[in-house]
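Guided by the hints, dock chain B onto chain A, whose structure is given.
In the order they appear, the protein sequences are chains A and B.
With this note's numbering as the guide, the letters of the first sequence map in order to residues 1 to 111.
With this note's numbering as the guide, the letters of the second sequence map in order to residues 1001 to 1126.
If you're looking for bench data, these hints aren't it; they were derived computationally from the structure.
This one's a predicted model, so the numbers in the text were calculated from it and none came from an experiment.
Every residue gets a Cβ at the ideal spot worked out from N, C-alpha and C, and that includes glycine.
Careful, some of the hints might be misleading.
Distance ranges between label pairs, derived from CB positions [as the list claims (entries may be wrong)]:
(1) B:1105 - A:96: 20 to 26 angstroms
(2) B:1014 - A:13: 42 to 48 angstroms
(3) B:1031 - A:57: 17 to 23 angstroms
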Amino acid sequence: QSVLTQPPSVSAAPGQKVTISCSGSSSNIGNNYVSWYQQLPGTAPKLLIYENNKRPSGIPDRFSGSKSGTSATLGITGLQTGDEADYYCGTWDSSLSANVVFGGGTKLTVL
Amino acid sequence: QVTLRESGPALVKPTQTLTLTCTFSGFSLSTSGMCVSWVRQPPGKALEWLALIDWDDDKYYSTSLKTRLTISKDTSKNQVVLTMTNMDPVDTATYYCARIRYYYDSSGYSRTFDYWGQGTLVTVSS
Chain A
1 QSVLTQPPSV SAAPGQKVTI SCSGSSSNIG NNYVSWYQQL PGTAPKLLIY ENNKRPSGIP
61 DRFSGSKSGT SATLGITGLQ TGDEADYYCG TWDSSLSANV VFGGGTKLTV L
Chain B
1001 QVTLRESGPA LVKPTQTLTL TCTFSGFSLS TSGMCVSWVR QPPGKALEWL ALIDWDDDKY
1061 YSTSLKTRLT ISKDTSKNQV VLTMTNMDPV DTATYYCARI RYYYDSSGYS RTFDYWGQGT
1121 LVTVSS
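Bound conformation, chain A alone (with noise of 0.2 angstroms):
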C-alpha cells in the first residue's frame, strides 16, 4: 500500500489529453514539492517534472505539473504512443518517518 494514491490505469486515444492524479496528506504533498517520472517498458524511471511544475530542459510542454493542497496532478496533452509508459508521483514525507514517498504507479495507455 503506498503512501500516495494514484489510480491503477488511465487510457485515451491518440492526440487527446489525459490527467493523472496523486493524493496524499499535509505530512508529504501538502507541505512538500512534488514529481512526476516516466518509466517506459524495460527502462529506468526518468524525471518529467519537478518542484510541482518546472520541467526539466529536454521534456516537452505537452507534460505539464500542478499542485492543490494534498493532492498533484500531471497533465498529458497531444498523446502520443510513444507516451504509454508507467507514471509515478514522488515527494517528501516530513513525517517523524522522514521518508521519500511515491505512488503506486499508473499505466497509462495510449489507444
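Structure of chain B alone, referenced to chain A:
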C-alpha cells in the same frame, strides 16, 4: 554529463547480505544539495524507496526496512554503497541508484530524482 551505474551480485541466497555499489560521475557528493538514493522495483510492481545519503553525510532509511539497511559514501571514489541484510525471496527486484537534488524553501522540501542508473536485477533464491 551525469551518469550512475549499479553493480553487485545478480543472485543471492536467502539470509545472505546484499551489497550494492553505485558508481557515479559528473557531480560531487560533497557539493551542497547533492544526494544519492537507492530505489527498488519488484518485477511488475511499483517503485519502492530504500535509502538516501546527503552531501553532509545525513542518512535516511525506509521506515519498513531501516533495521536491514545501511548506506554509506566514499566521496573520493564517487561511490555509494547499500547493504541489505537477511535477504528473502520477496526482496527480488531491480535495484536503482539515483541522484537527488535537494532544495528547501518556505513551500517545503524538494528531493528531485533527476538522474537514474539503468538498474541491476537481484534475485534471491536458494
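Hints and how they fare:
{"no.": "1", "hint": "B:1105 - A:96: 20 to 26 angstroms", "result": "22 angstroms, holds"}
{"no.": "2", "hint": "B:1014 - A:13: 42 to 48 angstroms", "result": "47 angstroms, holds"}
{"no.": "3", "hint": "B:1031 - A:57: 17 to 23 angstroms", "result": "20 angstroms, holds"}
In the structure shown, no violation is registered for any of the earlier numbered hints.
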